[in-house]
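Undergrad: Going down the list, the protein sequences come from chains A and B.
Under the working numbering, the residues of the first sequence are numbered 7 to 190, in order.
Under the working numbering, the residues of the second sequence are numbered 553 to 835, in order.
No lab work stands behind these hints, which were simulated from the structure alone.
Only a predicted model underlies this, so the values are computations on that prediction, with no experimental measurement involved.
The C-beta atom is built at its ideal place from N, Cα and C for all residues, glycine as well.
A hint or two may mislead.
Stretch by stretch, here's where chain B covers chain A in the computed footprint (C-beta under 8 Å, at least three residues) [as the list claims (entries may be wrong)]:
id, stretch
1, 14-27
2, 42-54
Reference excerpt, derived from the structure (chain A facing chain B, CB under 7 Å, subset only) [as the list claims (entries may be wrong)]:
id, residue
3, R30
4, I59
5, A62
6, K64
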Amino acid sequence: MDNGESSYRRFLAGDDSGMFKLVRDFKDGLMLYLSSYTGDLSIAEDCVQDTFIKLAVKKPRFNGKSSFKTWLYTIGRNIAVDHKRRFFKHKKVSLDDCTTLSDESDLEQSYLVSEQKIALRHSLLRLKKEYQQVLHLSYFEEFSNSETAQIMGKTIKQVENLLYNARKALRAELEKEGFSYEKL
Amino acid sequence: MKNYEEMAKYVLEVRDEHERKKQKRKIIVRRCAPLAVSLCVFLIASLGVWRNMPAPNKFNTNIIQTTETVTASPVSTEKHTSVSTSVTRTTTAKISSVSRNATTASTAKTTSVTAAASGNVLTATRNLTQTHTNTTSEKTQIHVTHTTSEQGLAPCESTAKTVSSVTVTNTITTTVCVSQTTTLISNISGAVTRPWSEFSIDYRYNIAYVNGLNGRYLSSGIPIREFELGSFIAEAEMSGYDSDYCELRECTAKAYRINDTSENKAIAIKFDDDDNFYLYYFG
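Just chain B, same shape as in the assembly (with noise of 0.2 Å):
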């Protein structure tokens, strides 16, 4: 049995070692403090991006896209010149480029329904798997059916750089977009017009403002059914940029709610020319 002494003895033993240990945790603790913090708060900046990234589009993410085959002529002298000296004209052109890219999207889903609506199935999905090895993702899509459209109005070269422009606006795609805008353009040997009267009704009126709801809807290019539709909302301002003229074009037409999906989502909008009723989303 230990004396008083031999107890007392041990006691402070016990607790200078203990204080040691504590110590020595205490400077571990200085030193991994700085690295620690440093993570968590990569960390919770990390997340706090993660968070903050723009969800993908509800409604396109299932749109089949396809690209028009350019079966294009050489440009004629006339026109490039035409088009170099209208500085003005370009500049709208690249303005108006910006704001339509879901409605060159949705144009391009058109044309894939059409194709396997009269039977020639097989051969559209072909056409489809070309087109799109090199396209990583809608947006670039988007960009590059819109260069097309842009042929007519300028030559190989300025085309290419109103699509730079653009794809510096949109950052997210940059480098894709710009590759790919290249490739095109070193496939075409001359440049097309298709006028803007012959893309379909959506695709040319691709902005609705709905009285007495907030914010704009664009078209997303997908028809509605009739049994999908809900009750009659508003009339609705059409709006669109019509590239030939080079012109803001407005209508008015009827919007409708779409069952089960609310109008802060999306709308399905009825013009009076036209039988169909097309699906607008919320942008």
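Next up, chain A with everything else stripped away, as it sits in the complex (with noise of 0.2 Å):
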């Protein structure tokens, strides 16, 4: 995978096959990644809607200072920022987070793929926004430490000091149902 550049390129010159493989290619993991944002699956859906809607509409320049991936995480971060901004007052639950629960284990399914993986999501969930925003972008999606300070626009000695504190917090939250997870 060339990381994305290439697909969007066709997409730009006109093939929309491109938008395809960049759907499919980026769609579950930047979903999973949103979700810690919006704190709800199907918003975090909307906001990668958004996302690749943006890519279509739009048609931002990229100007390959980072790689295709963390430029199109950065935009889906943005966008899910303002969309919790926007709707931060207007927070309702609904029915539909009664299937939540089941998009979320298929989803996790189809793309953690392993079993520890997603044992370790579920832990994560349990943690503060910021932990699980670091944590789901070094170990999930294994972006470097520059790449997530620049998604999550941070420096990156603050994106360190958070990947430190979100390890330790995480660590003793698996502790507490017994797991242990030899990365952190």
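Now that you have both chains on their own, put them together as the hints suggest.
TA: As structure tokens, this is what we get:
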């Protein structure tokens, strides 16, 4: 995989299959990441959709200063933050929440694959939002610290501190449940 | 939850919808652009015309204008003949009438001030109202008065022609001026002569060139009181057209500054033979 850049170029050149490929490659990972911002998978799905709509309609120029994935996740994060700001006061619990759990488990099954990672993510959901985000980007998406910093709009130092604290909190959380994860 | 195909299709639909709207907007803009541009050009042109219009004369805006009641006697046949035959003289009078518009107005002002001083304020005011119901602007008044003063030189028909030629030059008040002139002439049963020497001195010498200052100054007909005077500027060359002899007369006078007024706008003129100071404005 060339990290999506060539698909995006093809799409800009008029080939719609480029957009199909982009959605297929990045939809799930982006949705799981954005769910830590929105706290709701269906809202995260809307944000992912808005991210791709932004790419399709406004056709922003990818300048290659970072990887395409980092750039896409940054756009997604901005959209999620905007969304959160806009709908913060109108937060409601809908009946759809009942199906969220099953949706989320399907997504986890298809995207995270390994049982250990799924268990890790369940523990992760009990942490602070920022810890969830930084751990998700580092462990599930395997971004470097600088890429994580770019996506989250923080400095590398801040991300390192955040990762340290998040790891500590996650370790405590896992110990409570009797799990251990060698990468922590 | 949508699968990736559904999401991609939805994204492309949104993109297509957006591009359709964009196309429609482009078409609308292309259709409206010429209209909008022509409207803008028209607005800019009107603004330019409005800005370049000459400003109204500052000094004469408050002048109360009167016309003299003409008690004219019938024109003698002799006079009629003499003017009709001397074509050159009539032509010169035409030219002078153009340059003396402002001066005639100042004479009118002097008349009204005198009336007020003699205690006939009410009468003077009434005369004003009656006389000026038909006049619309200062310039119109100027032409009318001038027509009256020219009556002595030529018969009524000849004078009317003279004034018409003046109004063609001053295109601003063309229509009003001509009609007013006609009315006045129709009321006159003959013609009168007012000798040039009987006018006030600032009327006679209505143009001033001050040594050391650029441009010319025109008489406003307003006297200046002494406490309003500033310092002495220089000698002034005064000139005026003698309609009796059809000659240009010249004399010298002294030019003074006016307090709180730049000499580029107005000055005061003191004639050697006269005790008063007169306001001349830059023209």
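Undergrad: Would you list, in rising numerical order, the hints stated earlier that this structure does not obey?
TA: Violated: hint 6 alone.
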